[in-house]
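For the record, the sequence lines run as chains A and B. Residue numbers 1 to 617, in the working numbering, belong to the letters of the first sequence in order. Residue numbers 1 to 75, in the working numbering, belong to the letters of the second sequence in order.
No lab work stands behind these hints, which were simulated from the structure alone. One should not assume that every hint holds.
[Stated by the list, open to error] Facing chain A, according to a computed beta carbon distance under 7 Å, are these residues of chain B, among others:
1) Thr12
2) Gln18
3) Gly22
4) Val74
Ideal Cβ positions, reconstructed from N, Cα and C, are used throughout, including at glycine.
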Amino acid sequence: MQRHILKNKNKITLINGILIIVGFFSKWTMDNMDIFTGSLIIASILGVAPIAIQAYQSLKVKVVSIDVLVTIAVVGALIIQNYEESAIVTFLFLFGAYLEQRTLNKTRSAIKELTEMAPEKALKQMDNEEFMVVDVDEVDEGDILLVKTGAKIPVDGTVLKGEGSINEASITGESIPVRKEEGSNTYAGTILDNGTIQIVADRVGEDTTFGKIIELVEEAVDSKSEAERFIDRFSKYYTPAVLVIAIVVWLFSREIELAITILVLGCPGALVIGVPVSNVAGVGNGARNGVLLKGSEVISDFSRLDTMVFDKTGTLTVGNPSVAEKEYYGDNTGEALKYLASVERESDHPLAKAVLEEIGETTFPTVEKTEVIKGGGIVASVDGHRIAVGNVTLMEREKVEVNEKAQADLVRFEKNGDSLVLTSVDGKLKVLMGVRDQMRPGVKKDLRKLKELGVKNLVMLSGDNQVTVDVVSRELGLTEARGNMLPEDKSAYIKKLIEEEGQIVAFIGDGVNDSPSLALAHVGIAMGSGTDVAIETSDVVLMNSDFSRLPHALGLTKATARNMKQNIFVAVGVVVLLLTSLIFSEWMSMSIGMLVHEVSILVVILNGMRLLRYNVG
Amino acid sequence: MKSATIQLEALTCPSCIQKIEGGIKGLEGVDQDAVKVLFNSSKVKVDFDADQVSIDEIEESINKLGYDVIKSKVK
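Please model the entire structure based on the sequences and the hints provided.
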């Protein structure tokens, strides 16, 4: 019975509304008070039934919900024979709840689109070698799956057989299909555009990258900031308090009408729903645009940002440096290059890769001994020669003479924004290479937008020499740039900004080397293209490490934070307005109060919905 | 201890959360601190002792409060 009534709530609302119309119609046109009273009584009783059931259910688990307040108010109105009020209040309450549900679903639509991309079925190889359609939950690691053209990849796996191209937009945001063949990795939730492949499942369900993204977003839309937790605690005591106040008023004034009006006016409607609605719409917009925001605390911090600190290599630059210019000194250049190649071959430094690429095919004499000089480079012995590869500091330490021509070259290279790699053989300078990393396309424009959005300081930290860093900084229009920074220097710098200057700081860097800085900053954003690391360590995840999403992310968090404030303002404003007009005006009644409440709830939901369309432009 | 994720029909009133939370916490064998009702994704996450309470009983308690369970996953 109870469930039946709740199931048919929408029908009840409709009948309730029709009865009210019939009642007023017969009163005004036929002056028939019997039909009027009769239909309004039926409408009230019918309408209060589902509300009363919900009230009973919540009282059973010791919660004084809005339903409890409304039920008492309606019953009270019936007792004092104010059937007009009781019928209209139930209708407004039920119809409001219906509209709320409809509009709320809209605000959640962006999130829903994302979760619906999750694969549901898979073609799994059974014991008899045949492929059968199974639920994706039934796939275990190590299972072999068949994926046909147009189908979703069900798990994170490795291609076993066949080839095809896959649209990985759901993971990377990049919609140009990626070619996959034997041994390639595939990601759950991506779509096989053409071809047929067999894959072996490596990770399934929530362990897949896509599963992690969904979980992150779901946690994010329901995460609560300090302010929201306060509202939650507040509303826990608020509704019982309203009930108590109404009873007290009734006891003292003996006016049932006033008491039940207070019950309705005191409903906290818009207050409890305003902030979650902004949150879900904001996070939803982000998810649709390649920006995953981890919850409302992040939104709040990000929107109030003072300073953005960037790592240089791989963040502002492409992270794929190459040798832009070079000079040779003295003779035996060929030998020197071979030694250089041998030493660099053993290093995993990003500059080493560029140097090796530049030298190309060569032979590698055996390296007998190497020593890494921190903040300098490498000293090694090869074929009985002492080889030093590194920066100017290292050359000074090795007492390598740098002649006038080389000095001039050094200055010129640095001015061009190169990182310097010097090579000496037995204390004689042989090779100077200038390695340059390309700027990310569009980065200058993105940084300007960030500034326009109100970020006061744009700071770059880098391990490169100061001259190079300055060149890049001038080109990009940064407010500050510091070179010669080791990872621990970077985190110390961020700590100083936060603790001594009280700034709100975001750090954008690669997820591996800079994890201390990412953790320290209020908002950490990892650029690593290994999506897993980026998801784990970041507060804001940029899909596909797309730097150009940053202005959107910042603008969106600002819009979301603003939206939340507007909603809180509307909600609190409405309660204040209703209570003051109850005291100071004649026209305030239960049904007007309910109408204003329901309208205010719809206003905050519609306001939240605006965020779905936000675009930084 | 097992943990379950229960997908409900779309939740629309924040007070539903208090209700469902209260209802589940009232069950014997449910980890009181680990009950999480997610409003926007309309999900319940709960840890429970399978010897004392079954997933069916948990679903039933939610049903009784007037909310439909769409599906649940136990790990």
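Here's how the hints hold up against the structure:
no.: 1; hint: Thr12; result: holds, 4 Å
no.: 2; hint: Gln18; result: holds, 5 Å
no.: 3; hint: Gly22; result: holds, 3 Å
no.: 4; hint: Val74; result: violated, 11 Å
Of the hints listed earlier, the one the structure fails to meet is number 4.
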